[in-house]
Amino acid sequence: MTNFHISGEAIDVSALARRLADARAGACATFEGWVRDHNEGRGVKRLDYQAYVPLAQAEGERILAEARARYAIVGALCVHRTGALAIGDLAVWVGVSAAHRGAAFDACRYIIDEVKKRVPIWKNEHYADGESGWLHPNNTPVE
Amino acid sequence: MTYRVLYFATLRDQAGRDEESIVSDAADVSAFYEELRGRHGFSMPREKLRVAVNGEFAGWDRALRDGDEVVFIPPVSGG
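Quick note, the sequences are listed as chains R and S, same order.
Read left to right, the first sequence gives residues 1286 to 1428 (the numbering used here).
Read left to right, the second sequence gives residues 84 to 162 (the numbering used here).
Since the hints were derived computationally from the structure, they do not count as laboratory data.
Here a beta-carbon is modelled for each residue, glycine too, at the ideal position from N, C-alpha and C.
Careful: at least some of the hints might be erroneous.
[Said to hold, decoys possible] When the alpha-carbon atoms are kept at most 20 Å apart in a straight line, the in silico EDC-like pairs for lysine to aspartate or glutamate are as follows:
hint, chain 1, residue 1, chain 2, residue 2
1, R, 1402, S, 102
2, R, 1401, S, 139
3, R, 1402, S, 130
[Unchecked claim] Covered stretches of chain S, going by a simulated chain R footprint (3 or more residues, C-beta under 8 Å):
hint, region
4, 92-102
5, 134-145
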């Protein structure tokens, strides 16, 4: 299994955590992105994610390699969902192991921030009023 | 030449399809996007898009070859 993965199915967090386990690691920082029920003042009922999978996986792997080069970490994994998600579903998971907590927190933050900026994944929000729309990286509508 | 195009997000909605093969005289991705804008009425200006050719990011001046797979990448919103 790759370190960065686009998944059309629910993310198995406990399997990912087991993959991070390492005798050299004294810290593990994880980030979970969940589907919330509102954005920019509008009620959200559900989301759809699309991804350009080959490029998303290549760009995601590049981000994880950058994190390993920039921070003193042991392991880094990330999985991002595609398809239809409901409120409360896990949309993205990042996990980093390191000897010490500082590098683990910093690398985890770096990875999620870069994924949101660079990886070709698109979120379509379906609103409570029946409309839907694609979003920019800052969560504002495309048009 | 024949190019394969994949569409995502806003461009997929406006094109009304996920992908298509297009016979075109466009020599580079920039000319090809302008041709597709005319065909599908894409509202998004070039400045907001990135481009990938055959699964890797490419510049707007990238020359195209017969059979290339081209993807115009709208602003992303993962996470």
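Each hint tested on the structure:
no. : hint            : result
1   : R:1402 to S:102 : 24 Å, violated
2   : R:1401 to S:139 : 18 Å, holds
3   : R:1402 to S:130 : 16 Å, holds
4   : 92-102          : holds (count 4)
5   : 134-145         : holds (count 4)
The structure is inconsistent with hint 1 alone, although it conforms to all the rest.
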